[in-house]
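Peer 1: Can you build the whole structure from these sequences, using the hints too?
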Amino acid sequence: MFKKKNQMKTREAASLTPRRRFLNMLWWLLGGLALAELIGLVIAFIKPGKAMQPLEGYGGLITCGQAADFPAGTVTAFQRGHFYLSRLENGGFLALSRKCTHLGCTVIWDEEKSRFECPCHASAFNLMGDVISKPAPRALDYYAVNIENSVVTVDTGKKMKRQRFSADQVTAI
Amino acid sequence: MKSKITPSVAGPLFKRIGQSVRRGSNRAGTSGDPGKYLPKTMLFHFRPRRVPEEAVRFTHTWGLGGMAFVLIMLLFGTGLLLKLVYKPFPDMAYDSILMIQHEIRFGLWVRNVHHWSANILVIILFLHMQRVFFTGGFHHPRQFNWVIGMVLFLLILASNFTGYLLPWDQLAYWAITISTGMLDYVPFLGGWLQAVIRGGTEIGPASLLLFFAVHTAVLPAGICMVGLFHFWRVRKAGGVVVPLVPDEEEAERRRTPVFPDLLLRELVVALVVVAFVLIFSALINAPLDMKANPGLSPNPAKAPWFFIGLQELLLHVHPVFSVLVIPVLLSGGLLLVPYINYASNRGGIWFYSENGRRMGIYAVAAAVLFTAAGILGDAFFFDFTTALPMLPPVVGSGLLPVIIFTGAAAVFLMALKRRFSADSNEAVQSLYIFLMVMYVVLTITCLWFRGTDMALAWPWGK
Chain A
6 MFKKKNQMKT REAASLTPRR RFLNMLWWLL GGLALAELIG LVIAFIKPGK
56 AMQPLEGYGG LITCGQAADF PAGTVTAFQR GHFYLSRLEN GGFLALSRKC
106 THLGCTVIWD EEKSRFECPC HASAFNLMGD VISKPAPRAL DYYAVNIENS
156 VVTVDTGKKM KRQRFSADQV TAI
Chain B
-16 MKSKITPSVA GPLFKRIGQS VRRGSNRAGT SGDPGKYLPK TMLFHFRPRR
34 VPEEAVRFTH TWGLGGMAFV LIMLLFGTGL LLKLVYKPFP DMAYDSILMI
84 QHEIRFGLWV RNVHHWSANI LVIILFLHMQ RVFFTGGFHH PRQFNWVIGM
134 VLFLLILASN FTGYLLPWDQ LAYWAITIST GMLDYVPFLG GWLQAVIRGG
184 TEIGPASLLL FFAVHTAVLP AGICMVGLFH FWRVRKAGGV VVPLVPDEEE
234 AERRRTPVFP DLLLRELVVA LVVVAFVLIF SALINAPLDM KANPGLSPNP
284 AKAPWFFIGL QELLLHVHPV FSVLVIPVLL SGGLLLVPYI NYASNRGGIW
334 FYSENGRRMG IYAVAAAVLF TAAGILGDAF FFDFTTALPM LPPVVGSGLL
384 PVIIFTGAAA VFLMALKRRF SADSNEAVQS LYIFLMVMYV VLTITCLWFR
434 GTDMALAWPW GK
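Just so you know, the protein sequences line up as chains A and B, in that order. Take 6 as the starting number for the first sequence in my numbering and just add one per residue. Take -16 as the starting number for the second sequence in my numbering and just add one per residue.
Don't take every hint at face value.
With a cut-off of at most 30 Å between alpha-carbon atoms, the simulated DSBU-like pairs for lysine-lysine come out as follows [what the hints assert, rightly or not]: (1) B:K66 to A:K164; (2) A:K118 to A:K164; (3) A:K163 to B:K400; (4) A:K139 to B:K274.
Honestly, the hints are just simulated from the structure, not real lab data. None of the values given here were measured: they were computed from a predicted structure.
Peer 2: Written out as structure tokens, the structure reads:
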């Protein structure tokens, strides 16, 4: 019975005039277009992007202070910007994201052991953000550091991912 | 036909209104016979007039589907109450929870009922899925209803997950951070998906608002629609699965009226479930930690318990496998369960056969042993993540351990199949049992046997 129905259907389809077939296709196209518009609309609402980003604080430009205020080999936390400003032994600056690369917990700078530690699953990172203890798979993310007239600023708008530390990530005075 | 209906009803106003509400009740010959009256009302349209006698036996289904329905109704009710006072903004959410608990009469209790119903629901649905599988309720004509059931399960899990964030305490914040953090490991799409779910790079105001909207509007609507579809397919398949009989005996099958035999049993189950949840919620409070502090991670931080098996897997196997390959293969396999070529599509009998039952016991034992051996072996004897530095991590800590484990499991299952000279139904059932028990063992390990730094520890230790 089904077979018969199908045969009838195909015969009907074959007998459609080209104009009718074209118009039918147009309906499908219009429907698809409407669906795409709807999806675009929904995406615009669930991903407002820049509009929701604050201009100040995290996501914007953070002014850290005079470069001379940060001694070599120290780490300063910037709660507001969700990052640590790390001054390397050679005097270069590195702004490290406080998010552990394992599952996104907040790492803590341990002054005594001189390393970042993740309280969630015991990952550890050194001053440059390189992994010294697993399970973290790669070095801490970092932000662009800018030094102008010896004032240090960090752009928290764009986070940069990396496998491991390399010298070109450092901003020198 | 027309002559049977009384053309107009005379009498007092209230009586006439009452009769107009109960449509059909004024049909001749139906009054006083609920067996004939019930199928005519909308509420009982979901039910046939009579069902096979086996179908109403409690131990045939354990009433699990009905229990799930009752819990969902409890969740809708308490959820609506909570929605009237909850504020989905990071600086107000936690305080509104405190307000619900301390200021509103019975607020604490209502939140407890919502919390415990949601958690019990996941367990009940898991058991319901096992009941359907082990009584062969996924064979023709119920094949697609298994898939619908899986979608429902997914929606309920999503509800639990989105609801988990709303209290905005440390527990909520970090559990959601961690589980969305796992998405980072999905190649290509993961980062984008994570940004959409979080509404940004971190869990923040956008995430809370999104989770709230999805939790209180999108998912309940989805559950209603897919749920009705699920029930309708049950009805169309002729009710729950019962043992097949030859066609000539089908007419002589002993049947029993839905009212009162089935409905009264369901009412009893529903009342017991409601009573249990209400009393349980009066005695035990839903957890509420300190207010969320994005700068302070707890040690250890764990995902919500129904996803915690994946977190345990992540400790052992390379992320590409533990958060992508294995979950995708397993859930894909679950969806395809009804579409495997089986030796027989006999349903309605627990565990298919005596042979299947005995094989199942071996499969349970093997799954517990293999999984425990894998976890302990990784912890104390051989750490794949560091032992093979010459191999790329995807191979050394991903492909290699996965191949070794599945290889061992496959050899065992083949041997089991030969030993019992099993047919394909029994073999698939053993594999299914193995995988289910494996996930349960992973869940229990991470939930109760992982302490500080996610190291193995006894649950009764510090």
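Peer 1: For every hint, state whether the structure bears it out.
Peer 2: Here's how the hints hold up against the structure:
no.	hint	result
1	B:K66 to A:K164	violated, 36 Å
2	A:K118 to A:K164	holds, 26 Å
3	A:K163 to B:K400	violated, 56 Å
4	A:K139 to B:K274	holds, 29 Å
In this structure, the earlier hints numbered 1, 3 are contradicted, and the remaining ones agree with it.
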